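> Listed here are the chains, written in short residue letters.
2 protein chains.
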Amino acid sequence: MYRTHNCGELRLTNVGEHVTISGWVQIAREFGSLTFVDVRDRYGITQLVFDRSQDADLCDLADTLGREFVIQASGTVRERSNKNPNRATGDIEIDAKTLTILNKSKVPPFTIEEETDGGDDLRMKYRYLDLRRPAVQRNIILRHEVAAETRKYLSEQGFLEIETPFLIKSTPEGARDFVVPSRMNEGQFYALPQSPQTFKQLLMVSGYDKYFQIVRCFRDEDLRADRQPEFTQIDCEMSFVTREDVLQTFEALLRHIMKTVKNIDLGEVERMAYDDAIRFYGIDKPDTRFEMKITELNELTQNKGFVVFDNAELVAGLCVEGAANYTRKQLDELTNWVKRPQIGAKGLVWVKCNADGSFNSSVKKFFTEEQSAEWAAKMGAKEGDLLLVISGEKDKTRKQLGQLRLELGNRLGLRKADEFKALWVLDFPLLEWDEELEHYHACHHPFTRPKDGYESIENIAEIKAEAYDLCLNGNEIAGGSIRIHERDLQEKMFELLGVGKEEAEEKFGFLMRAFEYGAPPHGGIAFGFDRLCALLGGQESIRDFIAFPKNNSGRDVMLNAPSPIDDLQYKELHIASAVEE
Amino acid sequence: MYRTHNCGELRLTNVGEHVTISGWVQIAREFGSLTFVDVRDRYGITQLVFDRSQDADLCDLADTLGREFVIQASGTVRERSNKNPNRATGDIEIDAKTLTILNKSKVPPFTIEEETDGGDDLRMKYRYLDLRRPAVQRNIILRHEVAAETRKYLSEQGFLEIETPFLIKSTPEGARDFVVPSRMNEGQFYALPQSPQTFKQLLMVSGYDKYFQIVRCFRDEDLRADRQPEFTQIDCEMSFVTREDVLQTFEALLRHIMKTVKNIDLGEVERMAYDDAIRFYGIDKPDTRFEMKITELNELTQNKGFVVFDNAELVAGLCVEGAANYTRKQLDELTNWVKRPQIGAKGLVWVKCNADGSFNSSVKKFFTEEQSAEWAAKMGAKEGDLLLVISGEKDKTRKQLGQLRLELGNRLGLRKADEFKALWVLDFPLLEWDEELEHYHACHHPFTRPKDGYESIENIAEIKAEAYDLCLNGNEIAGGSIRIHERDLQEKMFELLGVGKEEAEEKFGFLMRAFEYGAPPHGGIAFGFDRLCALLGGQESIRDFIAFPKNNSGRDVMLNAPSPIDDLQYKELHIASAVEE
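Heads up: the protein sequence lines correspond to chains P and D, in order.
At position 573 of the first sequence (counting the first as 1) the number is 577 in the numbering used here, and the numbers step up by one without a gap.
At position 429 of the second sequence (counting the first as 1) the number is 433 in the numbering used here, and the numbers step up by one without a gap.
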């Protein structure tokens with residue numbers, strides 16, 4: 005037996021016990037005739053003491069220990085004279101009687117500490133050492149807990165976890181498929197699933213009325229920061245449900261996770277129509293931890309002689325509470341911030357609602373104090389607040405104000421990492437016109453059900469979808485919809501999306517055929533599991549919540565993957581290299 | 005709301021309640037002025053009654069219902085006059101007041117019943133209909149339960165479920181890798197994991213001392229019956245453990261699964277050395293639900309003038325209890341059975357231990373009754389038993405007797421589907437000589453630790469491994485080993501296996517480097533999850549325990565996958581077709 009206890013569990017109640025522990029040397033230091041060794045494992049750190057006056061040979065051995073050596077030691081637990089209140093085991097130490105070096109270690113390329121001196125590349129190359137750091141271990145353990153509580157909750161609600169295949173057929177959900185050449189089927193390829201969408205719908209047809217799966221998905225996209233070619237979803241589907249049933253079920257899931265994993269009461273989840281989200285927050289995933297809504301000002305600002313506003317499709321602004329004291333320098337800096345190419349605003353108009361009731365403004369040549377007061381009233385501003393106004397094309401202006409709002413939220417400390425606010429965004433548009441390809445594409449995906457009444461609406465662009473997103477702190481953590489379950493409607497949808505009859509049959513014939521044999525009404529949702537874990541861990545980046553992530557080129561730098569294959573493999577797979585010299 | 009109750013839950017206690025149910029029409033039949041409709045979902049079947057004398061229009065609508073139509077109906081629960089004791093809801097029926105057809109159905113290509121008239125190919129093409137059959141639904145639900153209980157148990161034992169990547173580097177574990185061309189890394193490929201072996205070892209190096217994962221694995225092998233290109237493992241690894249720790253932990257897991265899912269007390273799991281398994285059962289995964297061990301008879305049978313035995317390396321036999329009354333025809337048939345090419349024995353010698361104490365034998369020309377009595381004594385036979393003896397080359401003879409033993413077990417009803425007997429097989433050989441490639445290969449895998457004392461053993465072929473298999477009813481359900489955790493020993497192992505220094509570095513450099521930074525002693529196991537579920541479901545074939553399996557050519561006949569990709573995909577992936585015209 006390698007250990008009687010782990011390195012995190014010994015307490016004063018264990019004093020006098022003979023124990024054995026195993027773990028990694030965090031630090032070893034001589035102090036007169038004593039050698040202190042901190043031994044670490046994932047449960048904590050325990051201090052060993054070697055006493056030269058009792059056993060010089062043992063002490064000599066202890067003095068050879070280097071950082072990250074793996075050791076086993078036994079001895080008697082005793083109370084420490086010099087207690088460490090920052091450590092759970094800080095009241096005790098082990099008076100060591102034996103020591104075995106189980107494995108040596110080279111000096112690691114960076115320190116295995118809460119904060120490390122290793123850069124990103126080095127950490128990824130030696131990910132197995134990075135994963136030893138308590139900061140990363142907490143993330144990995146959190147992920148385990150979120151998965152465990154998700155499974156527990158859904159199982160208790162009667163959901164079945166059903167595994168769907170990974171070697172499937174190409175499914176066009178917007179992104180490119182990763183494909184796998186088949187050795188046994190010459191010239192043919194499997195695709196890795198972008199999601200189990202069609203399978204979970206087939207399971208509904210099969211009568212498994214509550215399905216879930218925590219499952220890996222794959223998208224061969226050009227990687228943006230914080231996006232991985234393989235990622236994990238909590239994938240769910242239900243039959244005989246309305247939108248309301250789905251919303252209730254999955255906000256209860258989120259509440260359960262928040263309560264059990266973080267001990268946070270999430271409360272009721274607010275709901276907002278997509279159109280309102282865009283109008284008031286300039287984004288389809290509003291961060292509702294703070295208010296600061298967008299106010300439209302066209303009526304008060306146009307045709308007053310300021311040509312910039314007069315020519316704008318939309319004039320709208322934000323009221324920044326208590327920011328009337330911003331200096332000219334701060335306002336210039338904000339103006340430059342919105343004019344950056346990433347934001348793209350032409351300028352920023354400001355109005356200070358001074359503490360004395362007066363107004364000061366960057367457009368006082370065009371607008372009187374009375375007019376400023378009208379703006380302030382419309383925006384619900386009070387003395388001491390700052391109004392920031394942007395104008396231009398409607399969609400762009402909303403987006404710019406949405407970005408400015410988030411930036412101000414950050415600067416003003418309104419986006420607290422330990423505060424959690426969830427929001428359902430509902431009634432998304434069904435279709436988006438693709439200027440380039442000259443046909444519609446599905447906002448959610450082609451299996452999404454139009455809202456009732458779609459048959460009579462002449463302007464197809466106005467049709468809303470039975471689609472919903474769940475947002476947490478301004479991040480989309482889940483998205484889903486009620487699906488189409490009738491073959492004729494599904495065919496009509498493919499037609500609208502510019503998918504020809506033949507192509508639809510080739511790609512989705514199996515699903516449409518299934519719809520002919522008694523498909524029940526159904527709908528579902530998928531959570532981005534990596535993102536959910538990162539948010540619960542109080543971080544925005546998913547990378548450190550994945551044990552072995554890939555870099556922005558899709559490479560695993562530790563494995564050095566991907567890598568070339570040999571000629572025999574090419575031959576067996578019926579493919580040839582087409583790499584240009 | 006689509007339903008107040010599912011189709012399996014209404015009882016006499018619900019009589020008088022107004023309820024709504026949704027589901028599939030199992031059968032609809034007219035009976036005078038009444039129409040009876042059985043509605044099915046995964047929870048059960050409930051009977052609706054439509055009464056023409058009360059509502060003729062509604063009855064007309066009910067009379068249009070066909071098999072597998074999806075309907076919603078509401079009405080009042082009432083006691084049935086003609087109860088059905090074979091159905092949980094058989095005491096009640098619903099006096100239907102409303103009926104909505106949610107979706108129609110074509111006539112399904114086979115019956116959706118416990119036993120179906122659909123052949124294998126048809127069932128697989130319409131798998132979504134096949135999955136509606138209660139027999140298949142029980143399997144899928146059982147699978148969910150086994151996974152849920154596995155996760156529950158291991159989590160309670162402090163194991164963390166940690167996800168490992170799917171897009172990795174080629175790992176040579178005996179089988180071919182499926183590979184995935186990388187669009188972003190020209191001329192390079194990912195491989196899909198044959199198992200997370202190296203990752204779980206890295207996690208041990210990282211200090212996650214108890215890891216598990218229920219995870220998909222991939223092997224591009226020529227498919228034998230009941231083998232799938234993608235399959236699921238319960239993958240586990242532990243640090244600071246001896247073999248004993250691993251055996252205790254995972255037989256407790258199996259006990260937990262058996263108890264919670266099947267309500268069966270498995271009891272202690274017996275242990276057997278690999279050498280004994282081969283000697284006494286002719287196989288490395290003995291079915292210990294019945295005894296019938298192989299007895300070696302060389303001493304009693306050789307140099308007695310029977311040249312067949314004299315020339316044999318091994319003469320050995322089985323004692324078949326109570327089979328002395330086998331007819332000449334039965335014995336000839338058994339003889340032909342062992343002479344089939346799949347078994348390959350040259351012949352079968354039999355001795356009947358008659359009820360009157362006399363002996364009868366197929367070799368009485370060469371052996372006296374006294375000699376037969378000696379054989380019987382050695383084999384522990386009693387009056388009424390039958391001795392079956394095979395001779396030849398040692399390994400082959402053992403294997404043939406092992407196969408004969410299982411066949412006799414089947415014929416005699418000794419292999420009961422509802423009886424479960426687990427067995428640890430220990431002390432496997434470390435290496436096997438590959439005649440063709442002229443080097444050793446690893447019996448388990450190259451990361452398996454040799455048993456202590458390996459340094460001093462001159463004959464390398466004699467070295468045993470710290471490897472173990474868990475068998476259930478003659479099937480290997482799990483296999484694992486204590487691993488090598490030192491770089492030098494791992495290098496030596498690769499050398500023995502004919503893996504050159506460069507190749508070892510190229511393929512496993514990351515793992516060997518990891519071993520230099522404080523790798524703890526560790527070991528693990530992996531359960532074949534599909535097989536485990538099939539056995540618990542009382543079946544030998546895994547196919548119906550996988551929602552969407554592939555056929556023996558690795559095809560999904562429902563999806564028609566794999567399938568060709570288009571020219572743009574070839575181009576983007578930097579590959580060309582090499583299909584011969």
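Take the hints with a grain of salt, since some may be wrong.
When chains are identical, the list treats them as one kind, so a pair holds in a single copy or across two.
[Stated by the list, open to error] The calculated lysine-lysine pairs, modelled on DSS-like cross-linking and capped at a C-alpha distance of 27 Å, are:
id	residue 1	residue 2
1	Lys505	Lys263
2	Lys108	Lys455
3	Lys403	Lys129
4	Lys420	Lys101
5	Lys108	Lys266
6	Lys263	Lys156
7	Lys156	Lys297
8	Lys420	Lys505
9	Lys266	Lys156
10	Lys87	Lys496
11	Lys382	Lys108
12	Lys511	Lys110
13	Lys108	Lys386
14	Lys369	Lys575
Please keep in mind that the hints were generated in silico from the structure rather than gathered at the bench.
A quick note: this is a predicted structure, and the numbers were derived from the prediction, not measured.
> Could you run down the list of hints and mark each one as holding or not?
The hints, checked one at a time:
1. Taking the shortest Cα distances, Lys505 and Lys263 never come within 27 Å of each other, neither inside one copy (48 Å) nor across copies (52 Å).
2. For the identical chains of this complex, Lys108 and Lys455 are inter-copy neighbours only, at 21 Å across copies versus 65 Å inside a copy, given an alpha-carbon limit of 27 Å.
3. For a Cα distance limit of 27 Å, the shortest separation of Lys403 from Lys129 qualifies neither inside one copy, at 39 Å, nor across copies, at 48 Å.
4. In this assembly of identical chains, Lys420 and Lys101 lie within 27 Å of each other by CA distance neither inside one copy nor across copies; the values are 49 Å within and 55 Å between.
5. Taking the shortest alpha-carbon separations for Lys108 and Lys266, neither the intra-copy value of 38 Å nor the inter-copy value of 46 Å comes in at or below 27 Å.
6. Both within a single protomer and between protomers do Lys263 and Lys156 lie at most 27 Å apart by alpha-carbon distance, with minima of 13 Å and 19 Å respectively.
7. In this homomeric assembly, Lys156 and Lys297 never come within 27 Å of each other (Cα to Cα): the closest approach is 38 Å inside a single copy and 45 Å across copies.
8. In this assembly of identical chains, Lys420 and Lys505 lie within 27 Å of each other by CA distance neither inside one copy nor across copies; the values are 51 Å within and 53 Å between.
9. Proximity of Lys266 and Lys156 under a CA criterion of 27 Å is satisfied in both settings, with 16 Å inside one chain copy and 20 Å between copies.
10. Taking identical chains as interchangeable, the C-alpha atoms of Lys87 and Lys496 are never at most 27 Å apart, the minima being 73 Å within one chain and 47 Å between chains.
11. Within a single copy, Lys382 and Lys108 get their C-alpha atoms no closer than 70 Å, and across copies no closer than 55 Å, so neither meets the 27 Å cut-off.
12. With identical chains, the CA atoms of Lys511 and Lys110 are at most 27 Å apart between copies only, with a shortest distance of 21 Å across copies and 54 Å within one.
13. With identical chains, the CA atoms of Lys108 and Lys386 are never at most 27 Å apart, being 67 Å at best within one copy and 61 Å at best between copies.
14. Taking the shortest alpha-carbon separations for Lys369 and Lys575, neither the intra-copy value of 76 Å nor the inter-copy value of 60 Å comes in at or below 27 Å.
The structure does not agree with the numbered hints 1, 3, 4, 5, 7, 8, 10, 11, 13 and 14 stated previously, though it agrees with the rest.
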